[in-house]
Amino acid sequence: MTEVAEKKEKKTRRQREVEKLIRAEDQWEPIGATPMPEIPDLRNWDMRLLKTYAPWYAPFCDLCCFCTYGKCDLTECRRGACGIDIAGQQGRIILLACCMGMSAHAGHARHIIDYLIERHGEDYKIDLGSNVAVEAPHIRTVLGLKPETLGDLRTAIEYVERELIHLVSALHTGQEGSYLDYESKALHAGMLDHVGMEAADIAQIVGFKYPTSVADTPLAGLGLASIDTAKPMILVIGHNPASSTNVIDYLRQNNLYDKIEVGGICCTALETTRYSDSAKVIGPLSRQLYYVRTGMADVIMTDEQCIRTDIVEEAKKVGSALIATSDKACYGLEDATEKDIDEIVRQIVEEGKQFLILDHAKAGEVAVKVALKLAPQRKKVLISESEAQELAKVCRECEICERVCPNLFSIGHGIRQVGQGNFEPLRQLFDQCIGCGKCEEECPRHIPIFKIMQAAASKDTFKVRVGRGPIMDTEIRNVGAPIVLGTIPGVVAFVGCSNLPDIDDVVEMAEEFAKRKYIVVLSGCAAMVAGMKKDADGLTIYERYPGNFDAGGVVNVGSCVANAHITGAAMKIANIFATLPLRGNYEVIADYILNRVGAVGVAWGAYSQKAASIATGCNRLGIPVLLGPHSSKYRRLYLSKKGEDDWRVMDGRKAEVVDTGEPSPEHLLYVTETKEKAMVMISKLCIRKNDTPQGRGIKLNHYISLYKKYMGGGLPDDLHLYVRTDRDLPIVYKKEAMAYLKEVGWKPKPVLSLPTLIGTYPSKVPLEAVIH
Amino acid sequence: MKEDMMVLPTHRVNVLTGIKSAKVIEDASEYAALIRRAKRPLLVLGPKLAEISLDGKLLLEYALEIAKVVNIPLCATSHIKGKMVELGAKPDSEYDVVEIINHLKSPAWQGVRKEGNHDLVIFFGIRTDIGNQGLSTLKHFAPHLKTMTLCKYVYPHADYSLPNFRKDAQWKEFLEKLISSLKEEK
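The listed protein sequences correspond, in order, to chains A and B.
The numbering of the first sequence is the working numbering, which starts it at 1 and goes up by one.
The numbering of the second sequence is the working numbering, which starts it at 773 and goes up by one.
Mimicking DSS-like on lysine-lysine, the simulated pairs with C-alpha atoms at most 25 angstroms apart in a straight line are:
{"#": "1", "chain 1": "A", "residue 1": "K534", "chain 2": "A", "residue 2": "K459"}
{"#": "2", "chain 1": "B", "residue 1": "K877", "chain 2": "A", "residue 2": "K641"}
{"#": "3", "chain 1": "B", "residue 1": "K877", "chain 2": "A", "residue 2": "K633"}
{"#": "4", "chain 1": "B", "residue 1": "K939", "chain 2": "A", "residue 2": "K393"}
{"#": "5", "chain 1": "B", "residue 1": "K944", "chain 2": "B", "residue 2": "K840"}
Just so you know, these hints were derived from the structure itself, not from any lab.
Bound-form chain A, shown alone:
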């Protein structure tokens, strides 16, 4: 066989395999150009994005320390022993971070799908309710598969796993060399992440019967004080609900539902409130160490991701029992999975032992039994203000705590003030603190800073709306046209961790945009902290705004893995409103979102590698993401140079290339230093080339008014770039804006119809594919 014939045969084999997996004979939609894409299949799309939004790198380190040829100094254009340069090394680190983040979600997905298949069988039907016909936009778009059962979700995750091997292998010494190709691979990892997240959450929704197709989900208790300390308490930490749902099941089956408190930190908390109306959310990751050290939990049960890795020691210090339940986080504990339940309980209660239990039902039963036995033996009281004052008097304000604080907070000053009876400075610090515990670790006088914080922390309780899962198709039908035309000014999604620089920032930003009739969507810890502020009437943002996906709605989709529903909603707009087929049609859908759907992601706080992959997945799909200042430590942004870059697009209807000169969206991944600037930037990043004059007028109205409100008056100095005709100008600023446009020599520009990048770069996708 000739080489050419062999290649052809190989391709045909792959096509045959893909067609079998995605059931190509099912004719629900035509199959697009890239079903189950491999790394090179969307590379041209990536390169087109990276041409406008060039990677901006901020290395942590001058060196590459990955292999034993080095360490290699990469400063001043030096190359490593393998030939890599500093840009390539940064791209490599980004790909590594995205693979780690994506694997965390995909690992969760793989576990929960296998677990639920064992419970319900692989033919268990996916049913997300009568209002969700497009059940899995990511799986449909990326794989070309319409999943009908849990077994189909496993097919999706197996595809993710296969691609992951190729991505991780590219990280090895002597493989990929170009930073742009590392970025293309990182974008691939980000896309896979959303597939994994979607598979995980769909499995959870159907397997655990979470709410779906409901906007008005219940309000769950939130905050440190939401727990009834008179009852035994189980604290669940992590992201995977397999164990916490078993705790609830055991409580229900044994008539203990009202007798034990179940509270959570991080996404498991949100997952548990989707399963139980009596579960509570303690708070985000930043509250983990603080809350564990209060000793309020009789039992701590961990699953996976975002758990303090010193949880074993921390639990021991305060006499809380600890049960680990995930193979990904075993903490060196003895595996008691095969042991007798009563014996495990005895050893925990009488000998203070800690165990790994990989049988979730057994772990749930043990947790409850231990909590019931341990609680009466334990004294659980927060320290009083006078006790805190005495402890704080030891402080000599040496400032070592300040120097080790990642945010340089004046903790010593706050502690000294407590010693003098003033709790306010420490109270403010508590709201800004990321809860790392480095201050206490370094204090030369061993002052229990976290304990003192108990006296300063809020004793208030709050409400968070329970995660609702996917956005309904009917909602998409209602908002599709207004979003694409611009009359709903945008969709702003606050995701990820959220407590930095200040825990109030997220709710302030969310409220600003909800009031302005944007659609505000939240998930994970951001969704929690948004509920941690009340207005003068004692109401949280979830009580003041409706939970539907519409202008002015404040929507909590759920945990981290529910992020896929946010990006999925943008895809559904292309499908349901614009009737573009999703199936294996990633490039067309991403291009549509980039040019027509005014959506922006905001990841405000310090966070893990998961945010890197989530954001990168949003970016490949054409959704810009804005980061909080701490996230400059991700080391990479995607920035344009607005006045200088190539902003040409194809006018789809006329099939002509048009130089718009309009930087919309201006950046794909951007970091702001303050919430004030973030709000101005969010409004600008919602601008899209497809906006109608009316829609553009509404978006510019918000951009200008936010600029005036937060930037010190005047007009934005790039306003002229976004004005195509005078009909784009908001009436309220028209006179002032016209004078400015005259001053800068502005000239009218054509308004586009069906703007698209397809046709401006090499692609298998024909221009006709975007015209519907």
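Take the given structure of chain A and dock chain B to it, following the hints.
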């Protein structure tokens, strides 16, 4: 030689693991001379300038005084422009810190006054984390320019940095001496 070496930042976050680190300078007149020698310096102003006062004088006032003495163009980042306007000043440009750095990376960029790219960029009042990351970008990708900071702590990725001042009084003294040195050289 000792004064040429970077001391370990007492705030231990962001400690650089690497080869090339800042020259730490405590002598304000040396800083003044470096600024004077620059042909096209740029002062990048961060939002912390509106939050921090030294004995009742806002950091922004120090910054504006420095810029006035030596006619340095100003780049306002984040929302610092509002406070500048209150104080009767106008920035030459408005870019966030990552945006101005993105432009500075390109030797062909014409600078905020369209007179050519800058040869010395002075950062003042940017958050420590984002500031140090941005300086890393310039260290690696903008060998055509030098960077300098005026903040209280060491910035390892800058070319020239202040030491870690333990007390605000030391910082204040430095800034005042810098201004007087710049005036003297005038």
